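One letter stands for each residue in the lines below.
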Amino acid sequence: MAIALSEQQLTKIRAHIEAHKTMPGALLPLLHAIQDDIGWISEEVYLPISKALALSVAELHGVVTFYHHFRRHPAGKHVLQICRAESCQAMGSEKLEAHIKSTLGIDYHETTKDGAITLEPIYCLGNCACSPAVMMGDEVYGRMDATKVAELISEARVT
Amino acid sequence: MIKVYVPRDSSALSLGADRTAKAIAAEAAKRGIKIELIRNGSRGLFWLEPFVEIETAKGRMAYAPVQPKDVASLFDADFLHGGTHTLNLGLTENIEWLKKQQRLTFARVGITDPVSLDDYLAHDGYKGLKNALKLTGAEIVKVVTDSGLRGRGGAAFPTGIKWNTVLGCKSEQKYIVCNADEGDSGTYSDRMIMEDDPFVLIEGMTIAGIAVGATQGYIYLRSEYPHALKTLNEAIMKAEKAGYLGEKICGTTHTFKLEVRRAAGAYICGEETSLLESLEGRRGQVRFKPPLPAIEGLFGKPTVVNNVISLATVPIILDKGAQFYADYGIGRSRGTLPIQLAGNLKQTGLVELAFGATLRELLYDFGGGSATGKPIRAVQVGGPLGAFLPESQFDTPLDYEEFSKIWAVLGHGGIVVFDDTVDMAKMARYAFEFCAIESCGKCTPCRIGSTRGVEVIDKITASKASGKDHEKNIQLVRDLSDTMFNGSLCALGGMTPYPVLSAINHFGEDFGLENKGLEKIKEVAA
Chain V
1 MAIALSEQQL TKIRAHIEAH KTMPGALLPL LHAIQDDIGW ISEEVYLPIS KALALSVAEL
61 HGVVTFYHHF RRHPAGKHVL QICRAESCQA MGSEKLEAHI KSTLGIDYHE TTKDGAITLE
121 PIYCLGNCAC SPAVMMGDEV YGRMDATKVA ELISEARVT
Chain C
1 MIKVYVPRDS SALSLGADRT AKAIAAEAAK RGIKIELIRN GSRGLFWLEP FVEIETAKGR
61 MAYAPVQPKD VASLFDADFL HGGTHTLNLG LTENIEWLKK QQRLTFARVG ITDPVSLDDY
121 LAHDGYKGLK NALKLTGAEI VKVVTDSGLR GRGGAAFPTG IKWNTVLGCK SEQKYIVCNA
181 DEGDSGTYSD RMIMEDDPFV LIEGMTIAGI AVGATQGYIY LRSEYPHALK TLNEAIMKAE
241 KAGYLGEKIC GTTHTFKLEV RRAAGAYICG EETSLLESLE GRRGQVRFKP PLPAIEGLFG
301 KPTVVNNVIS LATVPIILDK GAQFYADYGI GRSRGTLPIQ LAGNLKQTGL VELAFGATLR
361 ELLYDFGGGS ATGKPIRAVQ VGGPLGAFLP ESQFDTPLDY EEFSKIWAVL GHGGIVVFDD
421 TVDMAKMARY AFEFCAIESC GKCTPCRIGS TRGVEVIDKI TASKASGKDH EKNIQLVRDL
481 SDTMFNGSLC ALGGMTPYPV LSAINHFGED FGLENKGLEK IKEVAA
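Which chain is which? The protein sequence lines are V and C, in order.
Take the first sequence: its position 139, counting from 1, is numbered 139 in the numbering used here, and each next residue is one higher.
Take the second sequence: its position 38, counting from 1, is numbered 38 in the numbering used here, and each next residue is one higher.
Incorrect hints may appear among the rest.
Said to hold, decoys possible - Below, a sample of chain V positions facing chain C; criterion: calculated Cβ distance under 7 Å: (1) His32; (2) Gly62; (3) Tyr67; (4) His68; (5) His109; (6) Leu125; (7) Cys130; (8) Asp138; (9) Tyr141; (10) Gly142.
As the list claims (entries may be wrong) - Derived BS3-like pairs: lysine-lysine, alpha-carbon spacing no greater than 30 Å straight-line: (11) Lys51/V / Lys301/C; (12) Lys148/V / Lys346/C; (13) Lys22/C / Lys77/V; (14) Lys101/V / Lys170/C; (15) Lys459/C / Lys101/V; (16) Lys148/V / Lys69/C; (17) Lys241/C / Lys95/V; (18) Lys148/V / Lys426/C; (19) Lys101/V / Lys426/C; (20) Lys238/C / Lys51/V; (21) Lys51/V / Lys257/C; (22) Lys95/V / Lys230/C; (23) Lys21/V / Lys248/C; (24) Lys148/V / Lys374/C; (25) Lys346/C / Lys101/V; (26) Lys442/C / Lys21/V; (27) Lys77/V / Lys230/C; (28) Lys241/C / Lys21/V; (29) Lys21/V / Lys346/C; (30) Lys22/C / Lys148/V; (31) Lys257/C / Lys142/C; (32) Lys257/C / Lys21/V; (33) Lys21/V / Lys170/C; (34) Lys95/V / Lys346/C; (35) Lys95/V / Lys426/C; (36) Lys127/C / Lys230/C.
These are computed hints drawn from the structure, not numbers from a lab.
Remember, it's a predicted structure, so these values are computed and weren't measured experimentally.
Heads up, the beta-carbon is just placed ideally off N, CA and C, and yes, glycines get one too.
Please model the entire structure based on the sequences and the hints provided.
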């Protein structure tokens, strides 16, 4: 199911391309700018980027798919990332992970039916002194348990 | 006006420091008391965050951990004048946990306002650069070489030697690249430097640029650190404005420009050649070496690639001298290591110590034992590619060579602790799984071997009871590890055998084996 970008989004994307095209090593900063603004990287942007940066569409697709951070589909309103790395495992993150998945009724890389939460795994948030850790949007939360995560989720659902 | 400090470090924020700061400001306003609220870095006592301090005539007084619900009672107890309260920990400088440390790289962390250049200057900031500006490039490089500083990212390559190679290259353009893709789990010292004392990294990179003749620097920052991004950008802007970055640095002819580039969530980009590929706008695939990045690095130009801690340690070396730094440490591990205590410990946090302390001191004297109160069974040192150590190895001193003798690594100084509920077969499986998720795909042993590894560990777990093909499968993991160890270009495939084999060798009972001890490790290492 392809989601078409609106004319307004395309205009914004063209402006980002224009702003980045002379920058050395422009591709990652450009993709970040697009994802920060639009929320994801649509294949529709490949052609204009390939022209501006003199890259093939295949190369672009290779880059977009290489990095975990870039999403090729729109996410829910909030992205909840659960740390799966060792320090969090040592503090019971596996149970928390299973609990969150069953409460939300989704697996990793999926979005709740109401479109509120997208669940993603992450491998270290640098909050290992306060494990287990999760990230909601740009904010990190430490020493999490089922109750605290439930609070975070319900707060997110109303904002 | 009374100064109140509430940390802005993201681990402190993760435990509610913003809410605490707001509650203190609101309570002060309600009571008509004027306070100056400073958002400092974290002292690194993370089990006590939010860690609030008050400036008193005697020094900074600590109250911790402070939640919004505690704020009214703190005001009632007159904490603004050091009043008695159950959360009062006395003067911060007298806290044993801090007193026992040797903070050189982290000298200012937790004390200053991270984005105040004035505060930085008032606490010995830019003294290293001032000295460096009086020296030639070769002289600066010599100071760094003589200090014995080795790459703190994990590879422990002598920093001065790397710089010297770049210095010796003739090129119209050279680069300083800071590897801030701190992906190793259990590590957060880079993040703390960038969030809690960003100017020290900027100063270190500037000195590196002047030393080797590079005019452009990049900080390649992991995308999981949005707070560090904001802090670094704010600090860079302030340094530029004050003439510490850009053209004519401090009125000299030197130019050094600095830019933060965001990574995009690929662990492999912490490997220096993948990082360079990524900075150039490509998939982060490992490059063959040679050519060394020092000779042909970013955009094909001579490039210094150093970890955050290595670069952030340069200013104090240039300020206090090579000998001052080299006087700390043991053997060939000179200076200090910022150690990060993580996982299942009562007292997790940042401990900077001269090399030579034992793991046991860190786990029990600093860490206070496990958080769950159960015995500590396994400790992983040096991130996801580091070996798991059993209790019998806890007396190993923290020293690059001593760790290498027991087929383990110090890496970036992260220590992750597990209690006796850990299933080491699961940890070995996870090590392979992580390698499979993060492999860049260039080398077959890493790309395919990691997935085959997961499958064989599953077979071993399934055959633990029946014993069917058990020995054969264990041997298969050893052979596979040997292929990955010897047949991968970089540390991801090459070091995944460390957690896997150390788990099998030291915790064989979890794999349905008698514990065979160290003999097997030596076999593989040889």
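Structure-based check of all given hints:
A hinted interface residue such as His32/V counts as satisfied when its beta carbon comes closer than 7 Å to some beta carbon of chain C; here the least separation is about 5 Å, so the hint holds. With its C-beta approaching chain C no nearer than about 5 Å, Gly62/V sits inside the 7 Å limit, and its interface hint holds. For Tyr67/V, the interface hint holds, the least distance from its beta-carbon to any beta-carbon of chain C being 4 Å, beneath 7 Å. Below 7 Å, beta-carbon pairs count as interface contacts, and His68/V has one with chain C at about 4 Å; its hint therefore holds.
For His109/V, the shortest C-beta to C-beta distance to chain C is roughly 13 Å, which exceeds 7 Å, and the interface hint is violated. A cut of 7 Å between beta carbons decides the hint on Leu125/V: the least distance to chain C is about 6 Å, and the hint holds. Given hint, Cys130/V at the interface with chain C, holds; its Cβ is 5 Å from that chain's nearest Cβ, closer than 7 Å. Hint on Asp138/V holds. Least Cβ distance to chain C is approximately 4 Å, under the 7 Å limit.
The criterion of a C-beta within 7 Å of any C-beta in chain C is met by Tyr141/V, whose closest approach is roughly 5 Å, and the hint holds. Hint status for Gly142/V: holds, given a least beta-carbon distance of 4 Å to chain C, under 7 Å. Between Lys51/V and Lys301/C the alpha-carbon distance is near 26 Å, which keeps this suggested pair within the 30 Å criterion. Of the supplied pair hints, the one linking Lys148/V and Lys346/C holds, its CA atoms being roughly 20 Å apart against a limit of 30 Å.
Between Lys22/C and Lys77/V, the direct Cα distance comes to roughly 27 Å. Compliance with the 30 Å bound is thereby established for this hinted pair. Among the hinted pairs, Lys101/V with Lys170/C is inconsistent with the structure: their alpha-carbon atoms are about 56 Å apart, more than 30 Å. A distance of roughly 26 Å separates the Cα atoms of Lys459/C and Lys101/V; the hinted pair therefore holds under the 30 Å criterion. Taking the CA atoms of Lys148/V and Lys69/C, the gap is about 17 Å. The hint holds against a cut of 30 Å.
The suggested pairing of Lys241/C with Lys95/V is violated, with an alpha-carbon distance near 49 Å, which exceeds 30 Å. Pair hint Lys148/V plus Lys426/C holds up; C-alpha atoms about 27 Å apart against a cutoff of 30 Å. Taken as a hint, the Lys101/V and Lys426/C pair is honoured in the structure, with Cα atoms around 20 Å apart against an allowance of 30 Å. Taking the CA atoms of Lys238/C and Lys51/V, the gap is about 36 Å. The hint is violated against a cut of 30 Å.
Of the supplied pair hints, the one linking Lys51/V and Lys257/C holds, its CA atoms being roughly 29 Å apart against a limit of 30 Å. For the suggested pair Lys95/V and Lys230/C, the alpha carbons sit about 33 Å apart, so the restraint of at most 30 Å is broken. For the proposed pair Lys21/V and Lys248/C, the alpha carbon gap of about 28 Å is at most 30 Å, so the pair holds. For the hint pairing Lys148/V with Lys374/C, the CA-to-CA distance comes to about 24 Å; that is within 30 Å, so the pair holds.
Between the alpha carbons of Lys346/C and Lys101/V the distance comes to roughly 28 Å, so the proposed pair stays at or under 30 Å and holds. A C-alpha spacing of about 29 Å is found between Lys442/C and Lys21/V, which places the hinted pair at or below 30 Å, so the restraint holds. At roughly 23 Å between alpha-carbon atoms, Lys77/V and Lys230/C fall within 30 Å of each other, so this suggested pair holds. Among the hinted pairs, Lys241/C with Lys21/V is consistent with the structure: their alpha-carbon atoms are about 26 Å apart, no more than 30 Å.
With a C-alpha separation of about 50 Å, the suggested pair Lys21/V and Lys346/C falls outside the 30 Å cut-off, and the hint is violated. Distance check on the hinted pair: Lys22/C and Lys148/V sit about 20 Å apart at the alpha-carbon level, within 30 Å; holds. Taken as a hint, the Lys257/C and Lys142/C pair is honoured in the structure, with Cα atoms around 24 Å apart against an allowance of 30 Å. A C-alpha spacing of about 20 Å is found between Lys257/C and Lys21/V, which places the hinted pair at or below 30 Å, so the restraint holds.
This hinted pair checks out: Lys21/V and Lys170/C have alpha carbons roughly 29 Å apart, not beyond 30 Å. A C-alpha spacing of about 20 Å is found between Lys95/V and Lys346/C, which places the hinted pair at or below 30 Å, so the restraint holds. As the CA atoms of Lys95/V and Lys426/C are separated by approximately 14 Å, the hinted pair is consistent with the 30 Å bound. At most 30 Å may separate the alpha-carbon atoms for a hinted pair to count; Lys127/C and Lys230/C meet this at roughly 25 Å.
Hints 5, 14, 17, 20, 22 and 29, counting from the list given before, are not met by this structure.
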